[in-house]
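Protein chains in written order, with the working numbering: chain A, 1 to 166; chain B, 1 to 166; chain C, 1 to 166; chain D, 1 to 166.
DSS-like mimics (lysine-lysine), calculated; alpha carbons at most 25 angstroms apart, straight line:
hint	chain 1	residue 1	chain 2	residue 2
1	C	Lys2	C	Lys34
2	A	Lys2	A	Lys34
3	A	Lys2	A	Lys50
4	A	Lys69	A	Lys34
5	A	Lys69	C	Lys134
6	C	Lys134	B	Lys134
7	C	Lys50	C	Lys34
8	B	Lys50	A	Lys50
9	C	Lys50	C	Lys69
10	B	Lys34	B	Lys134
11	B	Lys69	B	Lys50
12	B	Lys50	B	Lys34
13	B	Lys69	D	Lys134
14	B	Lys69	D	Lys69
15	A	Lys69	C	Lys69
16	A	Lys50	A	Lys69
17	B	Lys69	B	Lys134
18	D	Lys69	D	Lys134
19	A	Lys134	A	Lys69
20	D	Lys69	B	Lys134
21	D	Lys34	D	Lys2
22	B	Lys69	B	Lys34
23	B	Lys2	B	Lys50
24	D	Lys134	D	Lys34
25	A	Lys134	D	Lys134
26	C	Lys69	C	Lys134
27	D	Lys50	C	Lys50
28	D	Lys50	D	Lys34
29	B	Lys2	B	Lys34
30	C	Lys69	A	Lys134
Hints in this document: simulated from the structure, not taken from any laboratory.
4 protein chains.
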Amino acid sequence: MKIAIIYHSVSGNTRSVAENIRSGMTRIDNVEVKAMSIDEIDDDFVRDAKAVVFGCPIYAGSLSWQMKKFFDTTNLPLAGKLGCVFATANHLGGGGTVGELTMITAMLVRGMLVYSAGAAEGQPYTHLGAVAIKAGDDWQQERARIFGERIARKTIELWGDASEKS
Amino acid sequence: MKIAIIYHSVSGNTRSVAENIRSGMTRIDNVEVKAMSIDEIDDDFVRDAKAVVFGCPIYAGSLSWQMKKFFDTTNLPLAGKLGCVFATANHLGGGGTVGELTMITAMLVRGMLVYSAGAAEGQPYTHLGAVAIKAGDDWQQERARIFGERIARKTIELWGDASEKS
Amino acid sequence: MKIAIIYHSVSGNTRSVAENIRSGMTRIDNVEVKAMSIDEIDDDFVRDAKAVVFGCPIYAGSLSWQMKKFFDTTNLPLAGKLGCVFATANHLGGGGTVGELTMITAMLVRGMLVYSAGAAEGQPYTHLGAVAIKAGDDWQQERARIFGERIARKTIELWGDASEKS
Amino acid sequence: MKIAIIYHSVSGNTRSVAENIRSGMTRIDNVEVKAMSIDEIDDDFVRDAKAVVFGCPIYAGSLSWQMKKFFDTTNLPLAGKLGCVFATANHLGGGGTVGELTMITAMLVRGMLVYSAGAAEGQPYTHLGAVAIKAGDDWQQERARIFGERIARKTIELWGDASEKS
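Chain A extracted, bound-state conformation:
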């Protein structure tokens, strides 16, 4: 079961959170994860992926324009896939959840199934997705890993079959 993580990162913070999410996903069996920058997308991998996670830094209170450009112009077939988000902000109140919501809007327009686990699986809550201040403190980093784990489990639950679950 393939899962793609597509991120925009300049400072490296968002890439670092992407790496934590990827790491958490590998706790689940039968999942193959690939994290890639919006500048170096592996189209074939995304095409085959059942879930795609998007992440970007917050600029001017919402998603970075580079990430918006990606959503506005991509031809990747995203419809029907599970879609999830994360964001990195410079401070509390910087707009992490607003940026996530703007990505979610684009993903719904593209026909994705949007999922975050929210508060449904207990602590730590990931309301719209994993938010971190810069690359995240220890708790935020572990939350990103747990977020990855939950997404991977949901992907398997939706589309995995018995044989794949080893």
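With chain A's structure known, arrange chains B, C and D on it following the hints.
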């Protein structure tokens, strides 16, 4: 396959759109739909439903406080179900999509899988869900029916089995 | 009293609404309005302007990436000015108000005073700003003019002096 | 110059942030501030106030339904006043900025002039308003005070006259 529609309606406009969505869903085989007001929820039906659609009028530019109260206080088990939205506004620019986005936020927090079909199934587009001005003109009413049809089809696709599909 | 309108337009629809807003503003005395594309900004005019109105088309359910790029990268001194928005969408439910809200977010981060008149001046309501489907039908076009009129009047009210009011 | 703070608080966290904002406002001369719960609003004071600050806890990822009910049903004359927001969430990524944006939407519909200072006055940034985790750590509490100070200064700048400035 059960699908619930939960709406808040005072003037009857939102109930009328709910009825159009319900009507469109019945175009799909093996789907049992029940539309209910937030004041008269059939808890057992919602518990069994695989998908739940929420709709409300727009007050002060976003979801009605009654619908927000529902989301803030409900104990219904919504996690893991498909979640969809619609809204009725009094005029273009009244906040239909903002209200939908605020409902979607609450639904993600509750652990739902949010889906709208967006632009992925061609015209008519239902970006975040079906929006209507008051009860909707002919085109908006038919769009609500098509929206219902798409949601029902996706629900069957995700959780239906061969035997259920007659 | 200078007022700038900055828009992103590809098809010409958003420019057309900008022109209607500009036209409405000229109904008010002592106002000098200039509408300009984000590609051809008159920096000096914007610097002197007391109010700046921003408008763009809706892409993927929110503001166009080009408009987001403008907000993310501009060095124009916007703080303290009145800020207003408008948007053009292709259909009802396309995300006009979501796009407006994302622009408003960026404008607040830049320190602007955001204003729309909303429902406070009676019909036609302009909740977050003027929304039009494509270039707007007659009603939407006139609403754009009235929106312009209200913004111009508010700008004079806040910063005009007796001598300027002729 | 009167400034009102209207908050919804159950645990006391939001009231505590309101108190910090009030405290910061008193650093500015000629400002009279009153903080009040949505259950005990001093209508006369609000009517006379030039600025009103609204704050609430985040429920299900956005503003509390009680605060939404206030905005949907109030008859208070808010049009033309400066409007500002703050929010308290239980954790980073809980929806502080989404809740602020939903309040801002309602305030624009009511005809207010929305302001936050954003990033325009340097650190600490208050993008859409002051957000705190629960009652806020030391930094968040001081930021709330600075936010109050900035709002009070802007209110004086807009509507104060020389004689008032002592």
